[in-house]
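Q: The listed protein sequences derive, respectively, from chains A and B.
Just add 394 to wherever you are in the first sequence, counting from 1, and you've got this note's numbering.
Just add 11 to wherever you are in the second sequence, counting from 1, and you've got this note's numbering.
Careful: at least some of the hints might be erroneous.
Straight line, CA to CA, 30 Å or less: simulated BS3-like cross-link-like pairs of lysine-lysine [stated by the list, open to error]: (1) A:502 to A:551; (2) A:429 to B:14; (3) B:64 to A:429; (4) A:479 to B:64; (5) B:14 to A:485; (6) A:485 to A:461; (7) A:500 to B:64; (8) B:13 to B:53; (9) B:13 to A:417; (10) B:64 to A:417; (11) A:551 to A:500; (12) A:417 to A:502; (13) B:14 to A:417.
Just the calculated beta-carbon pair ranges, DEER-fashion [as the list claims (entries may be wrong)]: (14) A:485 to B:64: 21 to 31 Å; (15) A:519 to B:31: 33 to 43 Å; (16) A:501 to B:51: 28 to 38 Å; (17) A:462 to B:33: 51 to 61 Å; (18) A:449 to B:32: 32 to 42 Å; (19) B:124 to A:550: 46 to 56 Å; (20) B:127 to A:493: 41 to 51 Å; (21) A:549 to B:124: 19 to 29 Å; (22) A:494 to B:78: 55 to 65 Å.
Derived from the structure by calculation, the hints contain no laboratory data.
Glycine included, every Cβ here is placed at the ideal spot set by N, Cα and C.
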Amino acid sequence: MAAALLLLLAAAVYRDCPAQLLKEGTEIFAVDPGKVIELSYRAPGLRLIASRWEVGDRFSIVFWEKKRPGPAFCPAGPGFEAVLKQLTSLKLRRTLDPGRAAEFFKEKPLSTWDEVVIRDDSALEPFRAMILPVSGVADEALVHFHGSTYVVAFDAKVFQLIAAGCKSLAGSNPNK
Amino acid sequence: MKKIVVSLDEQMVRAYEDDQPVYEFICVTGDDDHPTDTGNFKIFRKEHPYRSKTYNVEMDYAMFFTEDGKALHQYHGPVPLSVVRTMRQGVTDWFGSHGCVRLEEEAARTLFEWAPINTRVSIS
Chain A
395 MAAALLLLLA
405 AAVYRDCPAQ
415 LLKEGTEIFA
425 VDPGKVIELS
435 YRAPGLRLIA
445 SRWEVGDRFS
455 IVFWEKKRPG
465 PAFCPAGPGF
475 EAVLKQLTSL
485 KLRRTLDPGR
495 AAEFFKEKPL
505 STWDEVVIRD
515 DSALEPFRAM
525 ILPVSGVADE
535 ALVHFHGSTY
545 VVAFDAKVFQ
555 LIAAGCKSLA
565 GSNPNK
Chain B
12 MKKIVVSLDE
22 QMVRAYEDDQ
32 PVYEFICVTG
42 DDDHPTDTGN
52 FKIFRKEHPY
62 RSKTYNVEMD
72 YAMFFTEDGK
82 ALHQYHGPVP
92 LSVVRTMRQG
102 VTDWFGSHGC
112 VRLEEEAART
122 LFEWAPINTR
132 VSIS
């Protein structure tokens, strides 16, 4: 009884402090790339899926382009490693406040953004985020997940690597 | 080298860099039915904000260290964590978590900013 009263009293006087902003450079999402078993990336007109049976294996890539009749297949190489490194470490530049984000979404709805899904070998739900290049900026991108929108440090060359598919993502096939 | 040490007896989290103490925070860990794993781990995933679909709860500033999803994260309950911690230690274990290490918001944010992927976590 006394415990319940204490809890009620504490709840009554408790004031939730306003959320403070994270420091620039903080990884708002990061996962050990060595634990990733699947990465999928969807953009208008293309889709990439890179997966492996278990950690330590090499990734295999399937890449579709709307303008081509069938998918391309290739083993992952250094190009893909660069993509994986970037997408598994998203470092904060600044947070977009909800009002500014709502205005932005009117011009550029989330349904038009690219989508990235990263699954690791744990029992956790995969990480899923929407991502958008910042026009004319080579080192930033917008990222939206769990209702928050961030500007993150991002090498725009990664978008080019993904768009080029197996031409840029593949390594040599060890079976050949 | 950075390291986070969780003391289940004390319900404390301490952070060290090159064996020098950097931070010390109160925490609340698992109850008897859902004990926090003991041993040595590494943070393999960080995510903020985060919502657990398993428990349908917020787990902001989540830093995961076990394969089944145990993490250091912000406590979001209506009662201050210091009160919950006192109740857990002095009244009933019922006030414990489901195995995660709950932290006050400022503590969770500070550790989230400070600890990179692969930071060691030692729990005993």
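Q: Give a verdict on every hint.
A: Here is how each hint holds up against the structure:
Distance hint between residue 502 (chain A) and residue 551 (chain A) is fulfilled; the C-alpha atoms sit about 22 Å from each other, no more than 30 Å. Of the supplied pair hints, the one linking residue 429 (chain A) and residue 14 (chain B) holds, its CA atoms being roughly 20 Å apart against a limit of 30 Å. Straight-line distance between C-alpha atoms of residue 64 (chain B) and residue 429 (chain A) comes to about 21 Å, which keeps the hinted pair within the 30 Å bound. Only pairs whose Cα atoms come within 30 Å are accepted, and residue 479 (chain A) paired with residue 64 (chain B) is accepted, the gap being roughly 27 Å.
Distance check on the hinted pair: residue 14 (chain B) and residue 485 (chain A) sit about 21 Å apart at the alpha-carbon level, within 30 Å; holds. Distance hint between residue 485 (chain A) and residue 461 (chain A) is unfulfilled; the C-alpha atoms sit about 34 Å from each other, more than 30 Å. For the suggested pair residue 500 (chain A) and residue 64 (chain B), the alpha carbons sit about 28 Å apart, so the restraint of at most 30 Å is met. Under the criterion of a C-alpha separation no larger than 30 Å, the hint pairing residue 13 (chain B) with residue 53 (chain B) is consistent with the structure, at around 11 Å.
A threshold of 30 Å between alpha carbons decides the hint, and for residue 13 (chain B) with residue 417 (chain A) the separation of about 19 Å falls inside it, so the pair holds. With a C-alpha separation of about 27 Å, the suggested pairing of residue 64 (chain B) with residue 417 (chain A) holds against the 30 Å cut-off. A C-alpha spacing of about 27 Å is found between residue 551 (chain A) and residue 500 (chain A), which places the hinted pair at or below 30 Å, so the restraint holds. Proposed proximity of residue 417 (chain A) and residue 502 (chain A) is supported: the alpha carbons are some 27 Å apart, at most 30 Å.
Taken as a hint, the residue 14 (chain B) and residue 417 (chain A) pair is honoured in the structure, with Cα atoms around 20 Å apart against an allowance of 30 Å. Between residue 485 (chain A) and residue 64 (chain B) the Cβ separation comes to about 26 Å, which falls inside the hinted range of 21 to 31 Å. Hint check: residue 519 (chain A) to residue 31 (chain B), Cβ distance near 36 Å, so the stated range 33 to 43 Å holds. Between residue 501 (chain A) and residue 51 (chain B), the C-beta spacing of about 49 Å breaks the proposed range 28 to 38 Å.
Checked against the hint of 51 to 61 Å, the pair residue 462 (chain A) and residue 33 (chain B) passes, with Cβ atoms roughly 53 Å apart. For residue 449 (chain A) and residue 32 (chain B), the hinted distance range of 32 to 42 Å is satisfied, since their beta carbons lie about 34 Å from each other. For residue 124 (chain B) and residue 550 (chain A), the Cβ-Cβ distance of about 26 Å falls outside the hinted range of 46 to 56 Å, so the restraint is violated. Judged by the Cβ atoms, the range 41 to 51 Å given for residue 127 (chain B) and residue 493 (chain A) is violated: they are separated by roughly 32 Å.
Taken as a hint, the range 19 to 29 Å holds for the pair residue 549 (chain A) and residue 124 (chain B), whose Cβ atoms sit roughly 22 Å apart. Range check, residue 494 (chain A) to residue 78 (chain B): about 38 Å between beta-carbon atoms, so the 55 to 65 Å window is missed.
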